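Trainee: Chains as they are written, first to last, in this note's numbering: chain B, 860 to 1169; chain P, 589 to 1036; chain C, 18 to 343.
Treat each hint with caution, since some may be false.
Below, in silico cross-link-like pairs of lysine to aspartate or glutamate (EDC-like), each with a Cα-Cα straight-line distance of 20 Å or less [stated by the list, open to error]:
#	chain 1	residue 1	chain 2	residue 2
1	C	K129	P	E687
2	B	K1028	B	D948
3	C	K129	P	E718
4	C	K129	P	D930
5	B	K963	C	D201
6	P	K860	C	D203
7	B	K1075	B	E1059
8	P	K1009	C	D153
9	C	K129	P	E868
10	P	K860	C	D201
11	B	K906	P	D714
12	C	K129	P	D676
13	B	K887	B	D948
14	C	K129	P	D919
15	B	K963	C	D249
16	B	K1028	B	E1012
Across the chosen pairs, the derived CB separations fall in these ranges [said to hold, decoys possible]:
#	chain 1	residue 1	chain 2	residue 2	range
17	B	K1011	C	W184	18 to 24 Å
18	P	V813	B	N897	37 to 43 Å
19	P	E687	C	S292	46 to 52 Å
20	C	S292	P	I751	35 to 41 Å
21	P	G749	C	D306	37 to 43 Å
22	P	E696	C	S139	50 to 56 Å
23	P	G661	C	L148	35 to 41 Å
24	C	P300	P	P705	34 to 40 Å
25	B	E1033	C	T22	36 to 42 Å
26	P	V747	B	H912	54 to 60 Å
27	B	G1042	C	L322	46 to 52 Å
Because the hints were derived from the structure by calculation, they are not lab data.
Since we're looking at a predicted model, the values are computed, not measured.
Note that CB positions come from ideal geometry on N, CA and C, so glycine has one too.
What follows is each chain in one-letter form.
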Amino acid sequence: MPADMDKTDASVGARAGLRGLATEPGVKKPDPILVATNVSRSFGGLKAVDVDHLEVQRGVITALIGPNGAGKTTFFNLLTGFDDADSGDRAFNGKSLNRVSASKVARMGMVRTFQLTKVLSKLTVLENMRLGATGQKGEKFWAGPFAFLWRKEEEANSDRARDLLRRFKLDAKESDFAGSLSGGQRKLLEMARALMVRPELVMLDEPMAGVNPALKQSLLGHVKSLREEGMTVLFVEHDMDMVRDISDWVVVMAQGRIIAEGPPDSIMSDQRVIDAYLGAHHDTDISELDKAALEVEAMAEIDTLKKEGR
Amino acid sequence: MPHGPASPRPAPDLRAGPRAAALLLTLVTGVLLALLSVATPASASGDGGEEENSNTVSGTLTNTATDGSPVPGVEMIVRDAAGEEFSDTTAEDGTWSIEVPGEGGLVEIELVIDSLPEGVELRQEDNVRELNLLPGQSLPVLFAIGPDNRDVETAWDRVPGLIYSGLLFGLIMAPAALGLSMVFGTTGLTNFAHGELVTFGALITYLSNTVLGMPFVLAAVVAVVVGMAFGWAQDAGLWRPLRRRGTGLIAMMIVSIGLQFFLRNMYQYFTKGRLLSYDEYLTPAGRDVGGLFVFTSRDLVIAVTSIVVLAAVLLALSRTRLGRATRAVSDNPALASATGIDVDRVISVVWILGSGLAALAGVFLGFQLGVTFQIGQLILLLLFAAVTVGGLGSVWGAVIGALLIGVLIDLSTLVVPADLKNAGALLLLIVILLVRPQGLLGRRERVG
Amino acid sequence: MDLITSPLYDAFTPTAISFVLAAIGLNIHFGYAGLLNFGQAAFAAVGAYGMGVAIASFNLPLVVAILVGLVAAVLLALVMGVPTLRLRADYLAIVTIAVAEILRLVFSTTFKEYFRARDGVSGFTGSFRSLNPLPDSMDTFLNFSRNDLWVMLVGWPLVGLILLFVWAIMRSPWGRVVKSIREDEDAVRSLGKNVYSYKMQALILGGVIGAVGGFVGAQGLASVQPDSYNLDFTFIAFTMLILGGAARVMSPVAGAVIFWALLSFLGELLTKLSSGDNPIIPPEFMTPDQVGNIRFAFVGLALMLLMIFRPQGLFGDKKEIALDAR
């Protein structure tokens, strides 16, 4: 890391570390928090993810983009323990994530949100938040029935939850059922709830999907503020404006592989990236590869349905 | 649609056609079963004019300790379901034979231990047996006396016979398992009432054959056709409306449990809880194959029918338009619907086919277990085991699973008492879930 | 007994208590945690057999015998849960039903010197009955025997205590995690909770409560027979739960009492209508022997109709039930 790093704003230093890196897939980062090597996953013979090497720089905002069916969400699931890779190694903070369960990954400090927001609609907003706190004594079976054992801790968690809710402008909704929130508010709640876990790395799966334009700006602000607080952010997104606005580094996936990475400006003008995007939409001859990509998407969708037991 | 979390509540359904038809069919089914009820005499002994049925329980007691010499003078007692006792004492050649008047049913056979000659001992302590006596049946009962001097080979000698009988049982189960798996595949419903469709097949066969006097083959065809109609009615009258309402799968599973409970008790009500039997092919002569196993013409008919039907269904699923549509719906109903497949129609066909297959299994099980309201209950868990072992939702898996479970059940009698043989199949179910949750032929899926 | 007293009587017997406890256990499983346990009968069975055999065959003191039953229930929950709790909901349903059936077969055909096959285990009530403080003169009270009264005198307060425990734990952070799992496992997992472990704890808790039901039922009947714990036992308990309304602390009790009362009333009514010299329902349609079938057919029908038209039962909150969980 550069010696002249401004200690009061770690993210500036972290961003500086990205400067001058080669913009090629799998490039080494000065201070990686997350490293994936040779990670692959197939559905019924189709390779959904086949990543040779990826490092995510600590303290910055990294975007993961790519056309539909590129395997972004599948890759996300592999990184967070929600799916098992067929092969490959993943490490977070130098600790291996191979065969580590999703809940353990979260406790290690890597917390995700979902493309289809998963707030618990039958709990109130505040209860959703409290659920996010880790290491609660009251969540132990033997302590559960005895309120005096966990009441203090519960109050402390509630205070922290209320602070976060205020920050995300959800404090007025505290005692509403989460099911009554709008799509955008659910995204906010999910992000706020993820912060209750005190993560080092926040993984956001399409945070802008289904959010109305008015809320988008504030969501962008929230994501940036995570970085200012020293957290690392990795997000999947289709909204190119958001990618350009807030990301420090962009990773592009197509057909399960990482085809390019680099700073947003250079990525947006990269011919490979333009080809990958336009190829999927504008090419009159749909190539075999694109068909395969669409099939991978369909398979992944089926897999999700199966997994959810339909 | 079973998949949308909240499909919109439909406007009042004006197309009353299917529902009315379903109601009509339910009514017809009810009348058929009522016929069964009237035709089943309340009590055989009540009608003095009727010819008394009688059943025989018999056997020969020999002692292996004295090279198989007969054991005379042993008292044998048979208690029928009503608790009435009949007894006999073994003759000089060790034989005994007891007639049990009435319609049979569950009987208890006791060898009175105190009546055994001095120094002669029963091999195992099971001097009381409980057996199902079919009407008009002559049932041999074996009590082993003296040490077990069969050598290890004798157990091996039983293997071919057990594999044969297991495969046969597997072939009987396979259509029912296939039906269960198809319904699961297309609708996601784990149908706990599937066993009752099997019982239904046996009951309609009995009704057509024994009560209405149709030839057995015709009766079997009638049973399958009526079974298919029953399946269609179930889907049209119950499951489709539930899918339209957006009822969750777990709720539907519990509904199927309620239906199972309802149908089983209605069957018991209509049959008055008795063990019935068909008129024909009850005890065809067996033919010995090289001392390995014995087969009968009935076995052959059952096996061939089952194989032909299974092959036809599997072929149809892979070759016909409807078959491909079925697989598309199984894979992803939303996608199938988007590509113009009439999902409701496909599911309806699957219900009709699945219920017909279940009824066919019921026709055959009527021979193996007797015609009783309990068939469904007895077979349901074995079907689940077969389908899970093969891979939930996989059609080939269901067939392979059924054969495997059939053979396992019979082979397990080499090591466990016969009463426990079904436990082996259920144990395999659990082991499979531990080591390969998707089943033998199922697709790998993410599990937690 | 007539149409009024018989239902009242049946709703409070020791057998009714054992079903109430089975339903409370199922409420933990299905109502709160969303676990589809179709083998609750097995938990009652291992409780009853554990206690019965420990006393009848091994002469262990009552307290130790009860511990044996509880440990057996915990082990059973592990056996059912380990292979299935990581899988989809219907796998648990199938495995629990299968394990219950295996156990019933084992109890009725093996280790006959302990389990006594179909005759069942008996001769284990001595130590409990010797604690009966009721005066000998209270031979019967409201048609209840002195022994039944004693079992009820212990059983119903026990039900109260267990409900208190359920209430306390379900309002705790533990209960919050469990209820969240019912709604969306992945969300809970993403927040760092070990979903598998919580499901297992819920399975054990509900199972142990079911086993306590087994103790009470066994003490009431003074015998433990394998066929009392068939699949029907579980379905009846399930119907009670759904009738009362899942995911409410009190509803299994309300559901069970109403269920027994209705069942008993229906039985009495049908028996009355179909018996005698000139019965109102002619014997071609129904003989008194068939009353049981008609009654239980009604149970099945009631379960279906409830699930379809009023899944929240009499007292539940529709929003709270795990019916959409896939």
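Trainee: Check the hint pairing K1075(B) with E1059(B) against an upper bound of 20 Å on the C-alpha distance.
Mentor: Given that 20 Å is the threshold and the Cα spacing comes to 23 Å, the pair is violated.
Trainee: So if I understand the rule, the pair passes when the alpha-carbon distance is 20 Å or less; does K860(P) with D201(C) pass?
Mentor: Status violated; Cα separation ~46 Å.
Trainee: Take the C-alpha atoms of K129(C) and D930(P), compute the straight-line distance between them, and say whether it is at most 20 Å.
Mentor: 57 Å, violated
Trainee: Within 46 to 52 Å: is that where the Cβ-Cβ distance between G1042(B) and L322(C) falls?
Mentor: 36 Å, violated
Trainee: So the hint says 18 to 24 Å: do the beta-carbon atoms of K1011(B) and W184(C) match that?
Mentor: 21 Å, holds
Trainee: Just to be careful, I want the Cα atoms of K1028(B) and E1012(B) compared with a cutoff of 20 Å; is the pair within it?
Mentor: At roughly 24 Å apart (the allowed maximum being 20 Å), E1012(B) and K1028(B) break the hint.
Trainee: Can you confirm whether the C-alpha distance between K1028(B) and D948(B) stays at or below 20 Å?
Mentor: Cα-Cα ~39 Å, so violated.
Trainee: CA of K860(P) to CA of D203(C), is that 20 Å or under?
Mentor: Status violated; Cα separation ~50 Å.
Trainee: So does V813(P) sit 37 to 43 Å from N897(B), Cβ to Cβ?
Mentor: Once the Cβ atoms are compared, 58 Å apart, the range 37 to 43 Å for N897(B) and V813(P) is violated.
Trainee: Please work out if K129(C) and E868(P) have their alpha carbons no farther apart than 20 Å.
Mentor: 39 Å, violated
Trainee: Is it true that V747(P) and H912(B) lie within 54 to 60 Å of each other by Cβ?
Mentor: The hinted range 54 to 60 Å holds for V747(P) and H912(B), with Cβ atoms some 56 Å apart.
Trainee: Keeping to a limit of 20 Å between CA atoms, is the pair of K906(B) and D714(P) held or broken?
Mentor: Between K906(B) and D714(P) the Cα gap is close to 60 Å, so the pair fails against 20 Å, i.e. violated.
Comparing the model with each numbered hint stated earlier shows that hints 1, 2, 4, 6, 7, 8, 9, 10, 11, 12, 14, 15, 16, 18, 19, 20, 22, 23, 24, 25, 27 do not hold.
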